[in-house]
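Go ahead and model the full structure; you've got the sequences and the hints to work with.
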Amino acid sequence: MPFYFSASGKGKLMVRLILSLIPIIILLLLSFMLGKHNATPVTVDWLFVTQQTSLAMVLAMVLVIGFALGLLTNLFGYIRLKWQIKRLKRLLIKEIKANTNKDS
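In the UniProt record's numbering, the protein residues as written are 1 to 104.
It is possible that some hints are incorrect.
[Stated by the list, open to error] When the alpha-carbon atoms are kept at most 30 Å apart in a straight line, the in silico DSSO-like pairs for lysine-lysine are as follows:
1) Lys-86 <-> Lys-102
2) Lys-89 <-> Lys-102
3) Lys-82 <-> Lys-94
4) Lys-97 <-> Lys-86
5) Lys-82 <-> Lys-97
6) Lys-82 <-> Lys-12
Derived by calculation from the structure, the hints in this document are not laboratory data.
Put into structure tokens, the structure is as follows:
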């Protein structure tokens, strides 16, 4: 029996952990290869400052900024949906109470 299956319910957790680590490891390997092949120095013109850095560093910064913006966008959508669920639950409870009072 493989090590990630166990008699308890922890087997599914271990499989999920392994399956979530595989894309992370692949992404790290790809980023290492990308950084190794893009060591060319480039000049980045920020609004007020000009800086010379490697192309790999610029790509890494853009990747991190894009990931953070995507995470924030999804977080705001998630919070909005949670608020909507709470509001609908309160409305449902109110409707149920109104219907039970009407039936009695």
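> Do the alpha carbons of Lys-86 and Lys-102 lie within 30 Å of each other, as the hint requires?
Replying inline: 24 Å, holds
>> Check whether the Cα positions of Lys-97 and Lys-86 lie no farther apart than 30 Å.
In response: Distance of about 17 Å is within 30 Å: holds.
>> What's the verdict on Lys-89 and Lys-102, does the C-alpha distance respect the 30 Å limit or exceed it?
In response: The hint holds at about 20 Å.
> Does Lys-97 lie within 30 Å of Lys-82 when you go C-alpha to C-alpha?
Replying inline: With a Cα-Cα distance of about 23 Å, the restraint between Lys-82 and Lys-97 holds, given a limit of 30 Å.
> Taking only the CA atoms, is the gap from Lys-82 to Lys-12 under or equal to 30 Å?
Replying inline: Holds - the C-alpha atoms of Lys-12 and Lys-82 are around 27 Å apart, at most 30 Å.
> Going straight from one Cα to the other, do Lys-82 and Lys-94 come out at no more than 30 Å?
Replying inline: 18 Å, holds
In summary, this structure violates none of the numbered hints.
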